Amino acid sequence: MKVDIKHLAKLSRLNTTDEEEKRFEVQLQSILEMVDKLPCISSNDSLVDCSNPMKCREDVPEQLYKREEILSNAPQVQAGCVVVPKVIE
Amino acid sequence: MELYKLTATELSNMLRNKECSSVEITKSVIDRITNVENKVNAYITVTNELAIEQAKSVDEKLAKGNKLSPLAGIPVGIKDNICTKDVLTTCASKILYNFVPPYNATVYNRLLDNDVVLTGKLNLDEFAMGSSCENSYFKKTSNPHNLEYVPGGSSGGSAAAVAAGEAILTLGSDTGGSIRLPAAYCGVVGLKPTYGSVSRYGLVAFASSLDQIGPFARSINDTAMIYSAICGADKMDATSAKREYPNFVANLNTNIKGLRIGLPKEYFAEGVSEEVKQNVMEAAKLLEQNGAVLVPVSLPSTDYALSAYYIISSAEASSNLARFDGVKYGYRTENYNNLIEMYENTRSEGFGDEVKRRILLGTFVLSSGYYDAYYKRAKLLQKQILNEFNETFEQCDVLLTPTGTDTAFKIGEKSNDPIKMYANDICTVTVNIAGLPAISIPCGKAKNGLPIGMQFIGPKFSEQSLFNVSKKYEDLVGGFNDVPTL
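Chains A and B supply the protein sequences, listed in that same order.
Letter by letter, the first sequence follows residues 1 to 89 in the numbering used here.
Letter by letter, the second sequence follows residues 1001 to 1486 in the numbering used here.
Read the hints as simulated data drawn from the structure, not as lab findings.
No experiment lies behind these values; they were computed from the predicted model shown.
Some clues are possibly wrong.
Over the 10 angstroms line for every Cβ pair with chain A, so calculated as not near, a few chain B residues [unchecked claim]:
1) E1010
2) R1016
3) N1038
4) I1052
5) E1053
6) D1059
7) L1112
8) A1238
9) V1249
10) G1271
11) E1288
12) V1295
13) S1348
Using 25 angstroms as the maximum straight-line C-alpha spacing, the simulated PhoX-like pairs for lysine-lysine come out as follows [claimed, not checked]:
14) A:K10 - B:K1094
15) B:K1471 - A:K55
16) B:K1460 - B:K1471
17) B:K1328 - A:K10
18) A:K37 - B:K1379
19) B:K1414 - B:K1376
20) B:K1018 - B:K1064
21) B:K1140 - B:K1410
22) B:K1265 - B:K1420
23) A:K37 - B:K1242
24) B:K1414 - B:K1383
25) A:K55 - B:K1379
26) B:K1376 - A:K37
27) B:K1420 - A:K2
28) B:K1139 - B:K1414
29) A:K55 - B:K1383
30) B:K1005 - B:K1140
31) B:K1027 - B:K1056
32) B:K1410 - A:K55
33) B:K1027 - B:K1067
34) A:K86 - B:K1328
35) B:K1061 - B:K1094
36) B:K1328 - B:K1085
37) A:K10 - B:K1376
38) B:K1414 - A:K22
39) B:K1094 - A:K6
40) B:K1005 - B:K1039
All C-beta atoms in this analysis are idealised placements derived from N, C-alpha and C, irrespective of residue type, glycine included.
Kindly generate the complete structure, drawing on both the sequences and the hints.
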């Protein structure tokens, strides 16, 4: 199977050089050959594991962290906000 | 006396008998790190000052006569994908090279409640993806039993630190064997707990439905002790199981009379080295001589488990790693003109090859037209594998298998061949797919001097049975505590 690395990289928000494209193509093809051996299982079963149902926390606002603590890891901050490139014209 | 060579249980008793202080134990471990770290390279961050501060606090509490946990004052290292407030947590990736979490993972909070001493953060394969600990952005960790060999991955730093005496106990994470394989390669004990028994809150996610945090130690007692401290329900993790857990140390019982040990033929097939098979079978026979019953069993879907594992884990990884975009935390590229370029250049410069490969594979198997052929098929196989295990556990109480197909390999030997590298996980991945607990313990050494590991696998929440049978074997062979000279 031919794998379109350029397209996958675009979907994954990654850039790939020509050299990387060639390398990943060969490697992904051999990985897909390996995973292609999976048997076909006909089943209408649910894919969800019901033995341990998840219970989410109540959606209640809590003041867990100070704004400065959260922002201290952001690459660029201005006036208490994260700076990103312009996204609208 | 070289305190770093002792087990947590021995040190805990000495602390209570006032034969040493926590500061003395901590200094012994820090000295050991200073002396051998340039050879082993187990740590990304060493927290000497914090460790001494925490040790002093334990000594003060003990002097006041406070009743403390058996883990109090014991130096513990933590894999660098587990969040520690105010201490760098990098996931061994350039993309998180400067990330200092504003909160603690639940497991670290629980260890702090038990007054442990943090020695630092341990090296791993980037985002826990790998089987050799060669995929770190920062350094390659070596196997303390032979520095030219890998310690196994992805928790290679955690295994190597315990083996080398650079920590008494450590935590790692296991998505497809990442605790058990390095435990086997480094000759220590490694436990992959039942999925849901240890909170994943604060563990940087790789494949959320398979990841589980677990301990490394140099004895079964120590492993049971630290597992008792970290297991239990957590409201911060919706997947954590709501149930009560026993005191695993107090309940240790080495009577294995009548214990049925299943030997699945698929784990002793072609591909597993003769030396490994021989050692594991000798261990099985030793247990048989002491009352266990050996039962030949079969798990036919094992052959497909590796494929299912790589599909499910890569799919989840591609989704989990979408959050690393250079906006909120971590590395941001300097080279961009717009938002999309910022995302793409940040991720391309920040992630290493193995991570990129898995993101691409994950994106592929989840993409339109391929979902049913790959992801859905793998999820159905996951169910079949769990059913097979459940049926097998009607014939036996625990399973015994090799942990790896061979002993550790040389650094660089498999770096350019992902398929060869992935094959290392063949004996361990099924356990994660089925969400079961498994423990890897040492079972002798090969002719090349490197340790061999074997694993016991049990039904969900059967950690006590795994500790019991492992403890019996540990007693029979005279212990696992073998810190090499470096």
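Comparing the hints with the structure gives:
Residue-level check passed: E1010 (chain B) sits 37 angstroms from the nearest beta carbon of chain A, beyond 10 angstroms. At the 10 angstroms boundary, the C-beta of R1016 (chain B) stays outside the reach of chain A, the nearest C-beta of that chain being 37 angstroms off. Taking the minimum C-beta to C-beta distance to chain A, about 30 angstroms, the non-interface status of N1038 (chain B) holds against the 10 angstroms cut. Every beta carbon of chain A lies more than 10 angstroms from that of I1052 (chain B), the smallest distance being close to 26 angstroms; the non-interface claim holds.
In this structure E1053 (chain B) is separated from chain A by more than 10 angstroms, as the shortest Cβ-Cβ distance comes to about 21 angstroms. Distance check for D1059 (chain B) against chain A: the nearest CB is about 31 angstroms away, which clears 10 angstroms, and the non-interface claim stands. Every CB of chain A lies more than 10 angstroms from the CB of L1112 (chain B), the least distance being 17 angstroms, so the non-interface label holds. Distance to chain A contradicts A1238 (chain B) as a non-interface residue, since its nearest Cβ pair spans about 4 angstroms, not more than 10 angstroms.
At roughly 26 angstroms from the closest C-beta of chain A, the C-beta of V1249 (chain B) stays outside 10 angstroms, upholding its exclusion from the interface. Separation of G1271 (chain B) from chain A is adequate, the least Cβ-Cβ distance of about 14 angstroms exceeding the 10 angstroms criterion. For E1288 (chain B), the requirement that its beta carbon stay farther than 10 angstroms from each beta carbon of chain A is met, with the minimum near 33 angstroms. Once the 10 angstroms rule is applied to beta carbons, V1295 (chain B) is consistent with being away from chain A; the minimum gap is 25 angstroms.
Some Cβ of chain A comes within 10 angstroms of the Cβ of S1348 (chain B); the nearest lies about 4 angstroms off, and the non-interface call is violated. Our distance criterion of 25 angstroms between C-alpha atoms is met by K10 (chain A) and K1094 (chain B), whose separation comes to about 21 angstroms. Restraint check: the Cα-Cα separation between K1471 (chain B) and K55 (chain A) comes to about 36 angstroms, which exceeds 25 angstroms; the hinted pair is violated. Proximity of K1460 (chain B) to K1471 (chain B) is assessed by CA-CA distance (about 19 angstroms); at most 25 angstroms being required, the pair is judged to hold.
A hinted pair counts as satisfied when its Cα atoms are at most 25 angstroms apart, and K1328 (chain B) with K10 (chain A) qualifies at roughly 21 angstroms. The hinted pair formed by K37 (chain A) and K1379 (chain B) meets the criterion: a straight-line CA distance of about 14 angstroms does not exceed 25 angstroms. Of the supplied pair hints, the one linking K1414 (chain B) and K1376 (chain B) is violated, its CA atoms being roughly 30 angstroms apart against a limit of 25 angstroms. Taken as a hint, the K1018 (chain B) and K1064 (chain B) pair is honoured in the structure, with Cα atoms around 13 angstroms apart against an allowance of 25 angstroms.
Among the hinted pairs, K1140 (chain B) with K1410 (chain B) is consistent with the structure: their alpha-carbon atoms are about 12 angstroms apart, no more than 25 angstroms. Annotation: proposed proximity of K1265 (chain B) to K1420 (chain B) holds, straight-line Cα distance about 22 angstroms (limit 25 angstroms). Between the alpha carbons of K37 (chain A) and K1242 (chain B) the distance comes to roughly 37 angstroms, so the proposed pair goes past 25 angstroms and is violated. Distance hint between K1414 (chain B) and K1383 (chain B) is unfulfilled; the C-alpha atoms sit about 31 angstroms from each other, more than 25 angstroms.
In summary, the hint linking K55 (chain A) to K1379 (chain B) is supported, as the alpha carbons are separated by about 22 angstroms, within the 25 angstroms threshold. In summary, the hint linking K1376 (chain B) to K37 (chain A) is supported, as the alpha carbons are separated by about 14 angstroms, within the 25 angstroms threshold. Between K1420 (chain B) and K2 (chain A) the CA atoms are separated by roughly 21 angstroms; this keeps the pair inside 25 angstroms, and the hint holds. Using a Cα cut-off of 25 angstroms, the hinted pair K1139 (chain B) and K1414 (chain B) holds, with the two alpha carbons roughly 17 angstroms apart.
The suggested pairing of K55 (chain A) with K1383 (chain B) holds, with an alpha-carbon distance near 22 angstroms, which does not exceed 25 angstroms. For the proposed pair K1005 (chain B) and K1140 (chain B), the alpha carbon gap of about 24 angstroms is at most 25 angstroms, so the pair holds. For the given pair, K1027 (chain B) sits about 11 angstroms from K1056 (chain B) by alpha-carbon distance, which is consistent with the 25 angstroms threshold. Between the alpha carbons of K1410 (chain B) and K55 (chain A) the distance comes to roughly 46 angstroms, so the proposed pair goes past 25 angstroms and is violated.
Between the alpha carbons of K1027 (chain B) and K1067 (chain B) the distance comes to roughly 23 angstroms, so the proposed pair stays at or under 25 angstroms and holds. Pair hint K86 (chain A) plus K1328 (chain B) holds up; C-alpha atoms about 16 angstroms apart against a cutoff of 25 angstroms. Restraint check: the Cα-Cα separation between K1061 (chain B) and K1094 (chain B) comes to about 40 angstroms, which exceeds 25 angstroms; the hinted pair is violated. Using a Cα cut-off of 25 angstroms, the hinted pair K1328 (chain B) and K1085 (chain B) holds, with the two alpha carbons roughly 17 angstroms apart.
About 24 angstroms separates the Cα atoms of K10 (chain A) and K1376 (chain B), which keeps this hinted pair within 25 angstroms; it holds. Under the criterion of a C-alpha separation no larger than 25 angstroms, the hint pairing K1414 (chain B) with K22 (chain A) is consistent with the structure, at around 19 angstroms. The suggested pairing of K1094 (chain B) with K6 (chain A) holds, with an alpha-carbon distance near 23 angstroms, which does not exceed 25 angstroms. This hinted pair checks out: K1005 (chain B) and K1039 (chain B) have alpha carbons roughly 18 angstroms apart, not beyond 25 angstroms.
Checked against the numbered hints above, the structure violates hints 8, 13, 15, 19, 23, 24, 32 and 35; every other hint is satisfied.
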